[in-house]
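All chains, please: the whole structure from these sequences, using the hints.
Read top to bottom, the protein sequences are chains A and X.
All letters in the first sequence, in the order written, are residues 1 to 166 by our numbering.
All letters in the second sequence, in the order written, are residues 167 to 329 by our numbering.
The set of hints was computed from the structure by calculation and includes no laboratory data.
No residue lacks a Cβ here, since even glycine has one placed at the ideal position from N, Cα and C.
Any given hint could be a false lead.
Among the chain X residues that face chain A by a calculated CB cut under 8 Å, a handful are [unchecked claim]:
1. ALA190
2. MET191
3. GLU200
4. GLN206
5. TYR329
Over the 12 Å line for every Cβ pair with chain A, so calculated as not near, a few chain X residues [stated by the list, open to error]:
6. ALA192
7. ALA193
8. GLY197
9. ALA201
10. VAL203
11. VAL204
12. SER210
13. GLY218
14. THR225
15. VAL279
16. GLY280
17. PHE297
18. PHE303
19. GLY317
Pair by pair, the computed Cβ-Cβ distance ranges are [said to hold, decoys possible]:
20. X:ALA271 x A:ASN161: 48 to 58 Å
21. A:SER75 x X:ASN324: 37 to 47 Å
22. A:VAL149 x X:THR293: 27 to 37 Å
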Amino acid sequence: MNTKNRLKVAIAALLMLGMTTSNAMAASEIGTADVRIAERITIDKKDDLSFGGMLQSGSGGTITVSAEDGTLTSSGVQTLTPSTGSRGRFFVNGQQNRTYNTTLDSTVTLIGPPTSNSMTASLTSDNNGVFGIFGFDNVFIGGTLDVGVDQAPGLYTGTFNIAVDF
Amino acid sequence: MNTKNKLKIAIAAFLMLGMSASSAMAASDTGTAEATVVEQITISKTQDLGFGGMLQSGTGGTIIISPTDGAVTPSGVQTTGATATRGEFFVNGEDGRSYSTTLDASVDLTGPVGATPMTATLTKDNTGVIFGGDILFIGGTLNVGINQAPGAYTGAFNVTVDY
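Right, dumping it as structure tokens:
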């Protein structure tokens with residue numbers, strides 16, 4: 001509903017109330033009006049999710065980034081050291097002590113150089129789900145990347161969606 | 167209910183409608199996931215390290231091969247026959263990436279039955295970066311014993327490269 005319609009409804013409500021004036025045999029009542037003003041919730045990305053570098057693998061395998069602490073584990077692929085893999089982070093701002101919900105894409109597709117196969121990573125998140133006394137929380141993103149047999153060398157990237165709401 | 171209260175309720179209703187814009191209660195963003203696959207690093211020998219030929223020496227001595235330019239410097243021994251040459255390995259992998267090299271400190275060369283082995287310390291020279299590959303040169307200093315027994319002496323050494 002747009003602002004214009006809302007205004008019309010509000011004015012109609014005002015007018016309607018004006019119409020029902022009772023006269024003789026009048027009775028009175030106390031009504032309560034209250035309104036709750038809720039803070040907005042906002043979310044902003046601070047760090048991307050990175051699985052880091054790895055050697056092309058003849059067997060394929062997986063690389064996992066923990067959303068809980070950012071540690072990297074791999075199976076079947078050799079990761080480059082020092083690893084540049086790290087968990088993603090989103091800064092969520094809302095209302096002190098209020099709980100909120102997080103909706104995260106279950107997977108992300110990473111596209112590499114031309115003619116290469118894409119890679120898929122499942123996504124996980126870690127957060128408190130409730131704002132602290134300062135009204136903010138961090139949502140950390142991890143996941144498991146599936147690396148193909150002889151995955152072509154190159155940089156692979158993909159975009160995923162995350163939403164938060166009260 | 168008097169007009170004043172009714173007016174208050176109407177205004178409250180008006181305010182609530184203005185407040186309940188859905189975008190304040192939810193928000194979304196996007197993130198990027200990334201990974202980099204790097205070509206395996208490979209190393210293959212293209213030339214052996216050869217100290218060449220020398221005459222048996224009553225004093226013993228050394229033969230030095232420079233990995234930088236292959237220059238041969240004998241001392242106490244007289245070279246003859248086969249020319250000494252530095253070793254060569256071809257390193258390949260992801261273009262532009264640097265790599266590290268691990269080389270045995272020395273190699274033992276075993277000769278004919280009954281002969282005392284000779285030892286050579288090893289040195290290397292390379293750019294350490296892959297640009298259309300990289301060539302890793304191996305040189306060293308061979309220690310020749312007094313009256314080292316004639317014959318062919320050989321030994322194997324290890325060299326490892328990694329990103």
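Hint-by-hint comparison with the structure:
Checking X:ALA190 against chain A: minimum C-beta separation of about 4 Å stays under 8 Å; hint holds. Because the smallest distance between the Cβ of X:MET191 and any Cβ of chain A comes to about 5 Å, under 8 Å, the interface hint for this residue holds. Given the 8 Å rule on beta carbons, the hint for X:GLU200 holds: about 5 Å separates it from the nearest Cβ of chain A. Residue-level restraint check for X:GLN206 holds (minimum Cβ-Cβ distance to chain A is 5 Å; threshold 8 Å).
Restraint check, X:TYR329 versus chain A: the minimum CB separation of about 6 Å is within 8 Å; hint holds. A beta-carbon of chain A comes within 12 Å of the beta-carbon of X:ALA192; the shortest separation is about 4 Å. Non-interface call for X:ALA193 relative to chain A: violated, since the shortest CB-CB distance, roughly 5 Å, does not exceed 12 Å. Interface exclusion of X:GLY197 from chain A breaks down, the closest Cβ pair being 5 Å apart, not more than 12 Å.
Separation of X:ALA201 from chain A is inadequate, the least Cβ-Cβ distance of about 4 Å not exceeding the 12 Å criterion. Not every CB of chain A lies more than 12 Å from the CB of X:VAL203, the least distance being 5 Å, so the non-interface label is violated. Chain A draws X:VAL204 into its interface by the beta-carbon criterion, the shortest separation being 6 Å against a cut-off of 12 Å. Every C-beta of chain A lies more than 12 Å from that of X:SER210, the closest at about 17 Å, which supports listing it as non-interface.
Its beta-carbon lying about 38 Å from the closest one in chain A, X:GLY218 satisfies the requirement of being farther than 12 Å from that chain. Every CB of chain A lies more than 12 Å from the CB of X:THR225, the least distance being 49 Å, so the non-interface label holds. With a closest Cβ-Cβ approach of about 43 Å to chain A, X:VAL279 is found to remain outside the 12 Å limit, as its non-interface label requires. For X:GLY280, the condition that its CB be more than 12 Å from all CB atoms of chain A holds, with the nearest at approximately 46 Å.
At roughly 16 Å from the closest C-beta of chain A, the C-beta of X:PHE297 stays outside 12 Å, upholding its exclusion from the interface. The non-interface label for X:PHE303 is consistent with chain A: the shortest C-beta to C-beta separation is roughly 25 Å, beyond 12 Å. Non-interface status of X:GLY317 relative to chain A is upheld: no Cβ of that chain comes within 12 Å, the nearest being about 43 Å off. In this structure the hint that X:ALA271 and A:ASN161 lie 48 to 58 Å apart at CB holds, the actual value being about 56 Å.
The beta-carbon spacing between A:SER75 and X:ASN324, approximately 28 Å, falls outside the hinted interval of 37 to 47 Å. Range check, A:VAL149 to X:THR293: Cβ separation about 32 Å, and the 27 to 37 Å hint holds.
Hints 6, 7, 8, 9, 10, 11 and 21, counting from the list given before, are not met by this structure.
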